[in-house]
Every structure is written in structure tokens, then in C-alpha cells.
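Given chain Y, put chain A in place with the hints provided.
As given, the protein sequences belong to chains Y and A, one line each in that order.
Residue numbers for the first sequence follow our numbering, beginning at 125 and rising by one.
Residue numbers for the second sequence follow our numbering, beginning at 125 and rising by one.
None of these hints come from the bench; they were simulated from the model.
Certain hints may be false.
No distinction is drawn between identical chains; accordingly, a pair holds when it is met within one copy or between any pair of copies.
[Stated by the list, open to error] 25 Å max Cα-Cα, derived SDA-like pairs, lysine to any residue:
1) LYS330 with SER197
2) LYS559 with LEU611
3) LYS617 with ARG430
4) LYS128 with THR171
Given the structure is predicted, the values throughout are model-derived calculations rather than measurements.
Number of protein chains: 2
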Amino acid sequence: MAQKFDQFKTTINEISDIYNAIALLSWDQQVNMPHGGSENRGYVLSTLERIGHQKITSPEFGQLIEDAAQEVSQLDPESDEACLVKVARRDYCKRIKVPARWVVENAQVTTNAQTVWEEAKSKSDFGLFRPALEKVVALKREYASFFSPYERIYDPLLDDFEPGMKTSEVQAIFNVVRPEQVALIKAIAGRPEIDDTFLHVPYDEKAEWDFGEDVITFFGYDWDRGRQDKSVHPFTQSFGTGDVRITTRFDPERAVSLLFSTMHESGHAMYDQGFDKSLQRTPLSTGASMAVHESQSRMWENLVGRSMPFWKFFYPRLQARFPGQLGKVDLDTFYRGINKVEPSLIRVEADEATYNLHIMLRLEMEIGLLEGALEVKDLPEVWNVHMQDYLGIAPSNDSLGVLQDVHWSWGMIGYFPTYALGNLVSVQLWEAMLKDIPDIYEQFERGEFLSLLKWMGEKIHRHGAKFEPQELIQKATGSKIDPQPYLRYLKNKYGEIYHL
Amino acid sequence: MAQKFDQFKTTINEISDIYNAIALLSWDQQVNMPHGGSENRGYVLSTLERIGHQKITSPEFGQLIEDAAQEVSQLDPESDEACLVKVARRDYCKRIKVPARWVVENAQVTTNAQTVWEEAKSKSDFGLFRPALEKVVALKREYASFFSPYERIYDPLLDDFEPGMKTSEVQAIFNVVRPEQVALIKAIAGRPEIDDTFLHVPYDEKAEWDFGEDVITFFGYDWDRGRQDKSVHPFTQSFGTGDVRITTRFDPERAVSLLFSTMHESGHAMYDQGFDKSLQRTPLSTGASMAVHESQSRMWENLVGRSMPFWKFFYPRLQARFPGQLGKVDLDTFYRGINKVEPSLIRVEADEATYNLHIMLRLEMEIGLLEGALEVKDLPEVWNVHMQDYLGIAPSNDSLGVLQDVHWSWGMIGYFPTYALGNLVSVQLWEAMLKDIPDIYEQFERGEFLSLLKWMGEKIHRHGAKFEPQELIQKATGSKIDPQPYLRYLKNKYGEIYHL
Chain Y
125 MAQKFDQFKT TINEISDIYN AIALLSWDQQ VNMPHGGSEN RGYVLSTLER IGHQKITSPE
185 FGQLIEDAAQ EVSQLDPESD EACLVKVARR DYCKRIKVPA RWVVENAQVT TNAQTVWEEA
245 KSKSDFGLFR PALEKVVALK REYASFFSPY ERIYDPLLDD FEPGMKTSEV QAIFNVVRPE
305 QVALIKAIAG RPEIDDTFLH VPYDEKAEWD FGEDVITFFG YDWDRGRQDK SVHPFTQSFG
365 TGDVRITTRF DPERAVSLLF STMHESGHAM YDQGFDKSLQ RTPLSTGASM AVHESQSRMW
425 ENLVGRSMPF WKFFYPRLQA RFPGQLGKVD LDTFYRGINK VEPSLIRVEA DEATYNLHIM
485 LRLEMEIGLL EGALEVKDLP EVWNVHMQDY LGIAPSNDSL GVLQDVHWSW GMIGYFPTYA
545 LGNLVSVQLW EAMLKDIPDI YEQFERGEFL SLLKWMGEKI HRHGAKFEPQ ELIQKATGSK
605 IDPQPYLRYL KNKYGEIYHL
Chain A
125 MAQKFDQFKT TINEISDIYN AIALLSWDQQ VNMPHGGSEN RGYVLSTLER IGHQKITSPE
185 FGQLIEDAAQ EVSQLDPESD EACLVKVARR DYCKRIKVPA RWVVENAQVT TNAQTVWEEA
245 KSKSDFGLFR PALEKVVALK REYASFFSPY ERIYDPLLDD FEPGMKTSEV QAIFNVVRPE
305 QVALIKAIAG RPEIDDTFLH VPYDEKAEWD FGEDVITFFG YDWDRGRQDK SVHPFTQSFG
365 TGDVRITTRF DPERAVSLLF STMHESGHAM YDQGFDKSLQ RTPLSTGASM AVHESQSRMW
425 ENLVGRSMPF WKFFYPRLQA RFPGQLGKVD LDTFYRGINK VEPSLIRVEA DEATYNLHIM
485 LRLEMEIGLL EGALEVKDLP EVWNVHMQDY LGIAPSNDSL GVLQDVHWSW GMIGYFPTYA
545 LGNLVSVQLW EAMLKDIPDI YEQFERGEFL SLLKWMGEKI HRHGAKFEPQ ELIQKATGSK
605 IDPQPYLRYL KNKYGEIYHL
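In isolation and in its complexed conformation, chain Y is listed as follows:
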């Protein structure tokens, strides 16, 4: 390549290195750091963030991008080089619209909001959190204003997590999904309850941990390029494709959830392990969007990990590890148990049939707050009304309701819809994959999972963030995000389980 592009590439590699260091500081903070290290870690993180921010918003970097853009203008627009310049320019243009003053204020407000939220949640007192959340919402409205004109004020927020996606697109999709899922869980509610008491007895943590690691080894998670640790909330963190780590947690009350959490995070991690090596040390060495990322984690967790063919292979192994708990539970009973549908108050504990409804409720509230149709003070009441409408239950206190998620205190408004979109995308990709690998279920029954990983690697993983999510999904499946595959999947699966 030509000279300016090389200079641009060197700069973007250095920037990528700085954010890689920040990622390690943050991973370590959540996994290893002793309590006493917090204060200093805060200083180190903010110094590196400042150095990184200076570099990615500097006029020199902007000029380098423009010079490089000229040099790559003759190349195939799908080449790594052209895509890198395109994405760097898009991110740069967004970043320089945001004044440094806003960035500083936002950091202060959200740092405070997190502390306040923790207290408010523990006391189940929304009134405590309200002033902090009002400031967060005001800042987010201001943030959106930097990107006007827009079609909808929520668009710039959504765009940070789903590049190129519009609020109206998401709403159109959710409007199709919502009534179908509400109807489905109503139908299920009329059926006899499934017995899953065997999931609520004590399981040994170490044995479950080991079983989970065995499972994801079958999936194709590469341990030479990863590791699993414990943390309060499970997450995946990548330090380049050669080092993608996952974490999990053990909750004695919901012991088997460790296994599904491990499968979920392995899905994120195998995506990150699969980016083309040529994209390393650039902003293309990341997922196409949060929804596409979530499609991979939900796929391994649910489409594989809660499927009958998977358990035909693994259930005898699980029974052998846990003879006391599962020795007398047959495969069909186990399968129905792990797929039990039960409307619940807490999003992160929701089953496949109800999960999206938790998300839609949050999206409507976020849009309402941003567009001014809803005030922060009214959130608890509106929350409870929507829960009743969608799921037929309502929380007895705000800690189990509007205060349950950390996202808003972090200032992460615009993120929630990606969870539900991820579910939809997972099945849309699955249907496309089935056309290429019609015997996938027979393979699973034999303990063979690698052809699934290979297909996803080819269609999704290797491209990293070269393409916008809708473009990537179109390439892989022939259409943009389409809710129908997911609805078909839910109806088939739960129709069978609940004899609807």
C-alpha cells in the first residue's frame, strides 16, 4: 500500500494497542484485582483513556484518514484496506461531534449514577436513583442533538451499538414479534406446569465447571487462545484473536445456569477468536454489532445448548457426573425441564419464550424518555403496567422491577434492543446454515459441532466489523433482519414441548 495508508495503519495499530491495554486493566479489575487496588486502577484507566481519546480525536488523525481514503479509493470497497478506512472515518466523524466537555460531564454523571443505583437497588428505592437517571437522560438527549438532523432522537444512540440501524426498523420488527410472543406465552400458561425440581437441588461447582469446559471444547473454543475465570457477572473479553477470555459464575440457587452461561460466553468468544488475522490491531477486529455478537452467544446457548440433539449426546455424560441429581431423570424430562417457560420478573433469568418481551418493554421506555413522552418519575408505574400486559406479572418492588438492570446507570441507553435482535439473528443464520448443512442435528447427536463453527466462521466471524450488521446478515442469509425465522422456531419448539 501507499505511504499515507501505511502511516494511518501504524497510528490505528497504536490506538488499538492502547485500548487493548485498557481492556486488560478492566478485565483484571473484574477478575483478579484485590479490593485495595481500586483507587490506583481508576487513575491508570483514566490516564490511558485520556491518551487514547486524544489520539482518536486529534486533527492529525483525521487528516491521516482523509489522506488514506484517497489512496484506497481505487481499491475494491470490500477489501480490508477500504473497509478499515471507511470504519475509521465513520467512527472519527462521530467522535469529533461530541465536545470534550460532554465526555467529562458524562463520565462524572455515570460514575455517580452507578453508585447511587447500587444503593437504590439494594434499598428498592427508585426515588434515590431518580435524580441521577434524570441527568443521564438529559445528557443522552444532548448527545443525540450533536448528530441532528436525525429521523428519530433514539437513532444516534442505537447507532453506537448497531451501526446503520434505525429506530423505525427495530420498532417494525418488534411490532411483528411482540403479539406473537405474548400469544405464545398465554397459550403456554394454559398448559400443565413442567417439573424442573431436579434443577433446583445442590450441584457441585467444580464438577459443573469441568463439564462446561468439556462442552465448549467440543464446540471448538480454542483454549490455546483463551481461558475461563470467575467473576460477579459473566463476560467475554478479547485481547486480539490470540487471547479471548470468558468468565462465569456459580449461583447455588440456580446451579445449572453456570453451564448455560459458559456456553453463552463461548459463543461470544468463538466469534472473537474467528476474526481474520489480517484485521488484528484495528477497529475491524471486533464484532459487526452487539446484535450480531449476541446472535452467536444465544445460538450456542439456546439453539445448540437447549436442543434435543445436543443433549442426546451430552446427557448420558451429564448423568454420569451427577448420578445423585439426574440418575433417575430421563432425557425427555431433563430436556423439558431446561426449556420450561415461566414468566418471571428478572430479565437475566428469563427463558427463551419470554426474554424478548423484557427487552421490548425497555426499548419503549427508552424511546419514551428520549422523545419526551415519558418522564423518569413515571418509570416505575409504567414498568409495572407493561410487565402485566406482556408477561401477566408485576414486581412487588422496584428492585425486582425498574431498578434491576445496571445499564441505565452506565449511560447505556440504546443497548437493550440488541439483545432481542440477537435472538432473531441467531435463528435467521441458523435457517441459512441448515440449507448448507442439512444433517447438522445428526452431527450433534454424534458429538460433532465443528461444522457449525466453521460455517459461522466463514459467513460471519472472519469479516469482523468490515460490514454493517444489516449488510452482513443480508450477505449471509439473503435478507436483512427478519423476525419470521425466530417466530417459527419458538412456535415449533414450544408447540412440541407444551403440546400446543
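Relative to the frame of chain Y, chain A by itself:
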């Protein structure tokens, strides 16, 4: 403080943050990183090193130091502010004498030398390592030349690890120690061999690990500000006084060494946990020198951990954990076993009576190489002759001889003497401490160790790197480094054990 000092302080805090991040990247590399992460970690480390190096050698920083120096010139020269400017200026003046070209070449040569050394060691073939080591030595001679005029060419190298210390001082000290230690081990060789077979049977790793952690909890290692992990070579890494981590390793062949390694590293770590908080995020928040640092680790490992009063308290506890191995071994036999003197080929396995001789041999060879009296090609032969002279044994191959240590391949010439100086300093401090706490041994017998930590904290730890090592030792003990306390200690201890 005044304006320029504040600016200087802000800059030095940022620089300290960058090196703190580098420390975490390096710690993680040795403790957690999967194999696949090496390549990218290398990039991230070298980017941050470059950013850090640019900042600490920039003319702007030099000017800030000079401006700050003017502002602090009226202050007490022992104030934190005056010491900080003094140390920053000293380090800056040293760094800018070294051309960037040399830094780059040195990094290349030592990176290659490490790879070559590993192969040479595994094949026990010094010829393989020789060309790489010749380059290292040539670079070190050139490095010294940047600091001419000097009294001895070894001085600038030594100064990097023992600020202010001269080669002639070290040699004068070692010339006193050497004949006495040689005579001591000759006398011991004439006595009946001590039985320590009970140390060479299998011990359970987890039980030993837990016992080690119990011991250092008694010492005063603060777990809210630290943790212990496994690594190939034990080490201590500090990320500020609030987060000082240690590592250890388990070698089934020398199982009990894990315990002494844990005590050793806890000594380093408690030093780092003890710097005054006011020194945080500056180059004063580190040890006064490598020798002073080693004095703390050797003190807890040997003066405490291999002493009779310590084991009067802990031995019944150790026996209870390992009844099979130690149930029939009485305290006196155990004490003699862990203090057995036996000339051996490998430095890191040497006992207290022979350790310093391994160091003196290395120092003489380093000086010879630097001054030109010795050529790299003659090292193996000279090594073996010296080993015979000092310890009465010689290695059968170079892997057990001149190739055993990694230091030279890293370019760390000038470091070795600090190990022996650390031993001397440990006892010199100990004698001073005994005057203030005459009943320290009775305290140990009761399991009370905190008054020792408190004394070291007051005299040594809290000062960080405010003073040069000789100055600090003078303040704490009334004299500069003096070999007599160590010689008295050795003669007393081993005179008693071996009935000399």
C-alpha cells in the same frame, strides 16, 4: 505547592500510570495469558513502552523538572517534594544520555539473546550462546561509555540497580566476606552430614500453599491489597501500595521450597505495601534499591523463616498438616534439615552459607568482561575454576554452570551483586532492630510478627525511594553497608548447628 511543581507532578503521575499498565500487562503475561496471546501482547507492550519512553525523555519534561527544582529549592531536602524532584532529575539525566538508537538495538539483541540462551541451556552448549552474549557485553560497554568519565566501567551498570553505589565499595565488602564464607563452608564440610530426607518425600501442593498463606498472614501481608498466584518463576509485582501481588511455584522434587518462596516474596511485597501513600503514582513509590528490596525478602525467608523461634510456633502446625511426612520428625531435626549446608551448583537452590559465593563469582566475571580482562569465550573455564575454589565443586556441563541464569541474556549485567548485598543488609537491619525490640524472639515463639513489620515499615518501607540505599541504611542502622553483622550471624547460626 507552586504551579510548575504541580504541572511536573501531574506529568509524573501520568508517566507512573503508563508504567503501572505495563506492569499489569507483564504480570498477566507471566500468570494468566494463554499461549496464543504472545504476539499481540508484544505489540501492546512495545507501544506503551514507546509512549512512556517518549514522555520520560522529552525536553518538555526535562524543563518541567528544572522549573520544579527551582520551586522546591527552599524546601527541606528530605521533603517528599524535594526528593521527588531530585530522583526525577537523576533518572532523567541518566536516560537522556542513552541514544534512542542504543535502546532499539539493545531491545533487539536481548530479545534474540533470550531465545538463543534458552536453546543453549537446554542443549548445554555455551558455543551457541557465545555470539549473542558477546553482543550483549559490547552493548553494555557502550552503555557505560555514555556515562564516562567514571571511576570503573562497571559503575554505571551497578548504579541502575544500586543508585549511588560504586564498584570499589562492593568489592571492598565482598573481599571481607569471601574468605570468611569459604572458610566456614570448609569447616562445615568436615562435620557429619545433616539428615534432611524428610524434606524429599511427596508433599501435597494445596496443603503447602495454604500453610504458606497462613504464615504470611501472620507476618502481616495484607490480602486486601494483594493475592498469590502461580508462575514459572516466583516474583512480586506491585500496582501501587493498594495492590501488591506475589507468585510462587510448586516443584515436587523440592516441595518445601514453595513455603520459603512464599515467605521470600511476601518480604518483597510487604515492602511495596509499606510505601507512604503520599508517594503514590511517582517514582518514589518503589524500593530504595534492589539490595534493600532483597534485604526484606531474605529477612522474612531466612532470618525469620529459617529461625528456631519461628518454628517453635509454627512447627506443631506444620506437623499437624503433614503428619505422614513430619509426625516422627522432632523440631530440632526439622530445624537442622531446613538449614543444611551443602555446596551445590545452582545458585537459586543454594543455602544461606554458600549463596553469596555464587554471587561473588558472577560479579568478578562481569567486571572482567566489562574491563576487558576476560573474554566471553573463556567464561565456562573460568566459571569452573572459580566454583572449585569457592565451593569445592564444579559442574559437569555448562547448563549446570555458566548457562544457568537468565540475567545476562536479558542484558542485566550489574544486578547480581544486589542479591549478596541484600543478605548483608538484612542482618545489619536485624541487629539494629534487636536493639529496639530485644524480646523479638519471644514474640515469634508466641506467633507475633507484627512488631518486626512495624519497625521495618518505620525505618525502611515508608521512605520508598526517597533516599539512596547507603543513605537509608545509614539512617536506619548508623552505618553504611557493613559485612560484619552478616558474618557474625552465619558463624553463630552454623557454629551452633554444626557444633563448630
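Checked hints:
With identical chains, the CA atoms of LYS330 and SER197 are never at most 25 Å apart, being 55 Å at best within one copy and 61 Å at best between copies. Taking CA atoms no more than 25 Å apart as the test, LYS559 paired with LEU611 passes inside one copy only; the shortest distance there is 18 Å, against 82 Å between copies. In this assembly of identical chains, LYS617 and ARG430 lie within 25 Å of each other by CA distance solely inside one copy; the values are 10 Å within and 68 Å between copies. Taking the closest pair of Cα atoms, LYS128 and THR171 come within 25 Å of each other only across two copies (20 Å); inside a single copy the shortest separation is 29 Å, beyond that limit.
The earlier numbered hint that this structure contradicts is number 1, and it is the only one.
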